[in-house]
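From first to last, the protein sequence lines are chains A and B. Taking this note's numbering, the leading residue of the first sequence gets 1, the next gets one more, and so forth. Taking this note's numbering, the leading residue of the second sequence gets 378, the next gets one more, and so forth.
No lab work stands behind these hints, which were simulated from the structure alone. Don't take every hint at face value.
Here are the simulated DSSO-like pairs of lysine-lysine, each with C-alpha atoms no more than 30 angstroms apart in a straight line [said to hold, decoys possible]:
id : chain 1 : residue 1 : chain 2 : residue 2
1  : B       : K392      : B       : K562
2  : B       : K392      : A       : K199
3  : B       : K604      : B       : K577
4  : A       : K296      : B       : K400
5  : B       : K563      : B       : K486
6  : B       : K486      : A       : K296
7  : B       : K577      : B       : K562
8  : B       : K392      : B       : K484
9  : A       : K296      : A       : K199
10 : A       : K296      : B       : K484
11 : B       : K484      : B       : K562
12 : B       : K486      : B       : K562
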Amino acid sequence: MLLVLGIAGGLTLVFGGFLDMSPNRLASGIALTAFSLSPTACAAIAAPLAAFILLAFVSNEKARSIATLLAAALLLYACLATAGLLAKHLASPDKPALRLSLGSAFWIPLACALFAFLDAMQRLQFGLVARVGFFALLCLPFAFMAYVGFFDALSLAKEFENHQAVFVQALVDHVLLVVLSLAIALLVAIPIIFAVRQKSGLQNLVYASLGVIQAVPSIALFGLLIAPLSALVLHVPALAQFGIGGTGRTPAIIALVLYALLPLVRNGVTGLDAVSPDVRDAAKGLGFTAGERALKVDLPLALPALLSGMRVVTVQAIGLAAVAALIGAGGLGTFVFQGIGQYALNLVLVGAIPIILLALGTDLGFQLLLSVARGQA
Amino acid sequence: MIEVDSVSKTFGALKAIDGLSLKVEDGTFCTLVGPSGCGKSTLLRMINAMIAPDTGRISLRGADIATLPPDQLRRGIGYVIQSVGLFPHWTVADNILTVPRLLRWPKEKCAKRLDEIVALTEVDPAWLSRYPRQLSGGQQQRIGVARALAGDPDIILMDEPFSALDPPSRASLQAAMRRIHAQSKKTIIFVTHDIDEALKLGTQIVLLNKGRIAQTGTPQEILARPKDEFVETFIGGTAPRLRLLDFEPVSTRMRPETNVQAPPIFADASLKDALNLMLSESCAMLAVQDRDGRRVGTLTVADLIEAPHGS
């Protein structure tokens with residue numbers, strides 16, 4: 001594993017472009033390798049990669065894993081520092097349109113560092129909290145560097161700066177889209193879950209129809225919702241006052257809810273099926289009302305399964321919400337599609353990187369919740 | 378008093394309970410015993426309205442249970458089942474306090490009750506903060522019993538509570554139930570398929586067969602005068618005549634002679650203990666003493682074998 005990471009990182013460092021320099025935002029640039037820019041910087045990145053290759057031959061697993069963590073941290077910050085410094089060095093005030101984009105020799109070693117982290121933490125059997133804490137610690141200097149403008153010369157930072165005003169709004173829109181649809185999906189799913197459990201005949205019907213929805217591609221579903229919603233608003237104009245229309249948030253939320261239903265219902269039913277009938281019998285015999293049984297026994301015991309359903313659904317919704325930008329729902333996807341439209345890769349990244357971070361963060365958050373819920377059940 | 382009046386219940390083609398009537402006085406330890414499928418669990422589960430009778434009525438203290446809200450009825454009746462059914466997501470303390478919390482007792486009353494129950498059921502206080510899966514089967518059922526008693530119900534229903542336990546755990550919990558019954562004078566309805574357990578625990582035995590009562594009475598009555606062939610066969614394996622010796626103290630059979638030398642036995646010991654002592658000492662005679670060590674009489678093998686007049 002380490003050997004592969006070290007070699008892959010090393011090869012891209014030597015042959016790949018570290019920075020892409022182009023005269024303006026739209027023209028295609030020339031790739032500059034790290035070595036051609038600064039041999040010192042290149043050595044700083046190469047050293048931890050070489051360490052990976054050497055560490056692959058260390059047999060003591062614990063020592064190797066700890067050393068790997070250190071080497072990976074060095075690699076991460078060597079990449080970041082080099083990127084910031086070199087970009088500053090290349091940029092000049094008399095050429096404001098000059099664009100400096102990060103190339104493969106930056107991204108691939110960065111990815112190598114992340115893989116090495118994950119692998120070493122797995123081997124050291126870090127708990128969930130330790131993992132989160134470690135990554136937070138790792139990100140802290142980066143956040144500080146970004147704050148003081150260390151990366152400002154990079155065009156990624158420039159794109160971000162240019163769109164800063166709308167960025168916060170887009171982020172809020174994106175999160176709101178996901179949270180709203182998840183809340184609505186839960187409200188719809190819970191009665192369906194109880195109905196399916198009451199009448200076993202319903203199960204196949206519900207699973208089959210929700211399965212069909214899952215099979216519809218997201219763009220198609222967004223598109224399909226435009227016509228009926230537009231027709232609805234045409235007949236009931238009052239709805240338009242609430243912001244309901246054929247495009248925008250309404251169809252996006254409906255589509256996200258529809259996609260969320262199958263995983264939620266299936267996990268909910270599985271969770272409830274796993275509640276032991278003896279526990280239910282005892283609860284009934286001790287005098288729980290039907291409502292108390294659902295709330296105090298069934299729900300908490302089915303919670304781990306339901307939460308893992310919500311984890312899948314939320315991460316999925318964060319990605320799907322990006323596509324919803326196509327029908328005018330707003331969110332971070334807007335930058336992605338604008339970027340594609342303008343052939344401005346760095347603008348795509350302004351949308352894509354927060355979406356990825358959002359998804360990863362949510363996933364970790366749900367893992368934490370799950371481990372708490374599992375600890376009790 | 379629990380009154381069951383001409384109750385019948387049919388499941389499909391099976392007549393589980395067939396026109397059954399029964400009275401259980403307050404403070405009785407009533408064991409329902411019989412072969413599997415005799416309807417004993419069904420009868421038990423009808424008392425807390427888990428199963429509704431097809432015909433007939435069941436009343437507690439004169440009130441027809443069909444007229445009471447089932448949840449409130451059940452909160453006033455302890456319930457222990459074979460599979461225990463502790464809530465896996467709650468600690469032992471939370472499990473024990475299930476019913477007090479359903480009844481919305483104030484916090485201090487709950488805390489006080491928890492202490493009482495822990496003492497009464499001999500629960501190790503170290504378990505209270507643990508989760509049920511961290512306890513053995515016997516420990517879990519002890520918590521099951523504690524949970525049933527926590528709301529201070531007058532009646533406790535127990536459905537084969539100890540059948541799945543290893544013999545030491547079972548014996549320990551049986552002893553605990555006898556003690557709890559003696560201390561609290563609660564009415565206990567206890568279902569078992571084990572006639573030995575029924576005779577050991579019950580003050581009233583109800584022997585069921587095919588949804589009807591084959592015989593009911595004290596253990597002595599059942600052992601001494603089995604009503605029919607079914608009862609005789611059912612209690613046959615327990616050596617009923619030997620078993621009867623368990624229920625009678627030495628003082629009822631001894632003769633007043635006090636000058637014969639023999640191994641000593643207390644007057645309030647059971648006849649079974651006396652027979653056991655004779656067998657182990659290889660003698661046919663015992664010197665009976667009271668608890669102060671005063672010689673009060675003599676017991677011979679002949680006294681053991683021949684019951685006195687009128688018994």
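Checked hints:
1. This hinted pair does not check out: K392(B) and K562(B) have alpha carbons roughly 34 angstroms apart, beyond 30 angstroms.
2. Of the supplied pair hints, the one linking K392(B) and K199(A) holds, its CA atoms being roughly 27 angstroms apart against a limit of 30 angstroms.
3. Of the pairs offered as hints, the one joining K604(B) and K577(B) holds, with about 20 angstroms between alpha carbons and a cut-off of 30 angstroms not exceeded.
4. A threshold of 30 angstroms between alpha carbons decides the hint, and for K296(A) with K400(B) the separation of about 36 angstroms lies outside it, so the pair is violated.
5. Of the supplied pair hints, the one linking K563(B) and K486(B) holds, its CA atoms being roughly 21 angstroms apart against a limit of 30 angstroms.
6. Taken as a hint, the K486(B) and K296(A) pair is honoured in the structure, with Cα atoms around 22 angstroms apart against an allowance of 30 angstroms.
7. Of the pairs offered as hints, the one joining K577(B) and K562(B) holds, with about 17 angstroms between alpha carbons and a cut-off of 30 angstroms not exceeded.
8. Distance check on the hinted pair: K392(B) and K484(B) sit about 46 angstroms apart at the alpha-carbon level, beyond 30 angstroms; violated.
9. With a C-alpha separation of about 22 angstroms, the suggested pairing of K296(A) with K199(A) holds against the 30 angstroms cut-off.
10. In summary, the hint linking K296(A) to K484(B) is supported, as the alpha carbons are separated by about 19 angstroms, within the 30 angstroms threshold.
11. Only pairs whose Cα atoms come within 30 angstroms are accepted, and K484(B) paired with K562(B) is accepted, the gap being roughly 26 angstroms.
12. The hinted pair formed by K486(B) and K562(B) meets the criterion: a straight-line CA distance of about 22 angstroms does not exceed 30 angstroms.
Checked against the numbered hints above, the structure breaks hints 1, 4 and 8 and satisfies the rest.
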